[in-house]
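2 protein chains.
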Amino acid sequence: MRNRSWTDEATELLRVGEGFRLSDVDAGSHPGYGGDKESGEKDLAEGTEALGELQERLFAIGRVGDARDSVLLILQAMDTAGKGGIVRHVVGGVDPQGVELAAFKAPTDEERAHDFLWRVEKRLPQPGFIGVFDRSHYEDVLIGKVRALAPADEIERRYDAINEFEARVVASGTRIVKVMLHISPEEQKDRLMERLERPDKHWKYNPGDVDERMLWPQYMAAYQAVFDRTSTAHAPWYVVPADSKWYARLAVQELLLAALEDIDPQWPAADYDVEAEKKRLAAS
Amino acid sequence: MRNRSWTDEATELLRVGEGFRLSDVDAGSHPGYGGDKESGEKDLAEGTEALGELQERLFAIGRVGDARDSVLLILQAMDTAGKGGIVRHVVGGVDPQGVELAAFKAPTDEERAHDFLWRVEKRLPQPGFIGVFDRSHYEDVLIGKVRALAPADEIERRYDAINEFEARVVASGTRIVKVMLHISPEEQKDRLMERLERPDKHWKYNPGDVDERMLWPQYMAAYQAVFDRTSTAHAPWYVVPADSKWYARLAVQELLLAALEDIDPQWPAADYDVEAEKKRLAAS
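Heads up: the sequence lines are chains L and G, in that order.
Note that my numbering has the first sequence beginning at 166, numbered continuously upward.
Note that my numbering has the second sequence beginning at 166, numbered continuously upward.
None of these hints come from the bench; they were simulated from the model.
Among the hints, erroneous ones may be present.
Because identical chains cannot be distinguished in the list, a pair is counted as satisfied if it fits within a single copy or across any two copies.
Stated by the list, open to error - Below, in silico cross-link-like pairs of lysine-lysine (DSSO-like), each with a Cα-Cα straight-line distance of 30 Å or less:
#, residue 1, residue 2
1, 366, 270
2, 354, 444
3, 410, 207
4, 410, 366
5, 366, 443
6, 410, 443
7, 410, 202
8, 354, 287
9, 287, 270
10, 444, 270
11, 287, 369
12, 444, 410
13, 270, 354
14, 207, 366
15, 369, 444
16, 443, 270
17, 366, 444
18, 202, 369
Could you build the full structure based on these sequences and the hints that come with them?
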């Protein structure tokens with residue numbers, strides 16, 4: 166519990182464990198957080214300070230010495246759930262020099278010619294960095310399954326391939342934080358309608374958004390399958406209720422803070438003679 | 166003049182034109198700005214709002230329609246001059262989803278096997294993005310010249326190659342903003358000493374920094390040659406006095422704002438039938 170408005174550990178409450186049912190999650194709830202929007206925004210600003218320092222320490226150990234630690238935040242969600250807001254208001258609060266952001270769109274012909282993990286491997290964060298995937302290899306078992314973009318046995322194969330891939334990534338020093346932002350279909354309708362009502366938001370709307378929306382139950386089933394098959398001990402899923410944007414941002418910030426605190430990066434010691442360098446500098 | 170503390174256009178005052186002499190620039194001065202540190206920080210926050218909106222508009226036109234516009238900020242400086250602070254406090258104020266950051270280190274063997282512009286070409290910003298180069302192809306005519314990493318005639322060739330390259334990049338829709346952050350050697354000594362005095366800054370110090378520092382006059386001559394040869398009408402250089410960090414940040418923000426205002430990106434019109442989509446969404 167990092168500050169007083171959290172009554173419980175977000176990492177515990179939001180983690181997808183045995184017997185998890187997505188349909189039991191209330192997208193409008195604020196698990197573990199006793200405060201309101203106002204205290205949430207204050208706590209977010211405080212958390213940004215803490216995240217900023219931890220990120221700088223992580224960056225420092227990645228530059229000096231041979232630490233291999235990094236963090237990878239994977240964001241998945243239905244349209245309008247707020248992935249962009251997480252990137253902007255949570256990740257955007259730390260030094261951009263320590264962040265590697267990858268937004269995965271529909272694969273190109275070249276990407277499609279390779280295994281689905283090929284393009285993902287190339288965007289893994291370097292040591293010392295916080296990587297963020299805005300969509301990810303999970304699209305290949307979400308839209309891939311709902312739209313039958315691959316045969317059923319290939320979708321099956323992918324769950325195991327993902328688990329093996331993530332196990333290797335974790336073993337190489339990366340903390341993986343997998344987040345599904347969970348909104349209700351009613352909230353999505355409001356957010357899409359707002360895009361249609363505001364000319365400065367028209368560019369964010371795509372008629373295909375409504376086509377996907379019509380498949381809501383199929384998408385929820387595909388997410389449930391993802392949780393059943395890929396919420397592992399080394400890379401668990403977290404489902405974050407996201408009808409309240411402020412709560413979702415605060416909760417993802419908590420998950421990132423926990424991952425960084427688990428690494429607990431310390432300022433690296435100088436690998437040169439500090440006193441000798443002071444003299445050399447003074448004489449220069 | 167975007168706000169009242171600017172008495173003159175930064176784009177005019179800081180631009181490297183005919184007869185420019187780097188040695189005439191006072192690194193501690195605040196050209197065109199009548200305010201102090203306090204007003205500078207307030208103006209920076211205000212400018213961040215404006216920059217954020219322009220950046221989002223730029224991003225929007227890059228997503229929809231066929232605008233090719235982008236902005237490329239090139240940062241060059243002696244060590245400790247504050248490139249990182251510009252990235253963090255100026256660029257870091259806008260949505261990271263619209264920024265592509267490239268930090269160029271000493272070239273790898275693979276990069277060295279290609280022409281010096283090969284690795285740079287690959288990192289040019291996509292349409293709709295603000296690209297930032299933390300160091301750049303100019304290293305190849307700065308440290309490249311000072312340390313004689315390439316024969317003199319190759320250095321000569323590079324100035325022209327850079328001008329041709331940048332002309333092509335500009336013609337393809339990219340505004341190039343080239344900034345040298347100019348600090349005094351005395352200020353650098355203070356900043357390096359601070360790194361040596363604070364254990365949490367030791368990782369930022371490298372004994373090689375003093376070696377480069379010893380070559381200050383040679384570097385200034387190499388910068389002067391860069392300005393003489395590559396400050397072109399399509400991609401002029403700006404020299405920003407940087408002993409006051411707050412001034413340097415404010416000035417670079419002004420230069421970015423001017424580049425974006427020159428593009429003047431407008432929210433794209435919907436390429437779908439807004440009223441029909443409202444009905445379809447309402448029924449979904």
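Hints versus structure:
1. 366 x 270: Answer is within; shortest intra-copy Cα gap is 20 Å, inter-copy 39 Å.
2. 354 x 444: between (66 Å within a copy, 12 Å between copies)
3. 410 x 207: This pair counts as both: shortest intra-copy Cα distance 14 Å, inter-copy 28 Å.
4. 410 x 366: within (18 Å within a copy, 36 Å between copies)
5. 366 x 443: Between. Shortest inter-copy distance 14 Å satisfies the 30 Å Cα cut-off; intra-copy 55 Å does not.
6. 410 x 443: Between. Shortest inter-copy distance 23 Å satisfies the 30 Å Cα cut-off; intra-copy 49 Å does not.
7. 410 x 202: within (9 Å within a copy, 35 Å between copies)
8. 354 x 287: Neither. Shortest intra-copy (35 Å) and inter-copy (40 Å) distances fail the 30 Å Cα cut-off.
9. 287 x 270: both (15 Å within a copy, 19 Å between copies)
10. 444 x 270: between (54 Å within a copy, 27 Å between copies)
11. 287 x 369: The answer is both: 28 Å in one copy and 28 Å across copies each meet 30 Å.
12. 444 x 410: between (53 Å within a copy, 26 Å between copies)
13. 270 x 354: within (23 Å within a copy, 47 Å between copies)
14. 207 x 366: both (27 Å within a copy, 29 Å between copies)
15. 369 x 444: between (58 Å within a copy, 18 Å between copies)
16. 443 x 270: The answer is between: 25 Å across copies meets 30 Å, while 50 Å in one copy does not.
17. 366 x 444: between (58 Å within a copy, 17 Å between copies)
18. 202 x 369: within (26 Å within a copy, 38 Å between copies)
Hint 8 from the list above is the single one not met by this structure.
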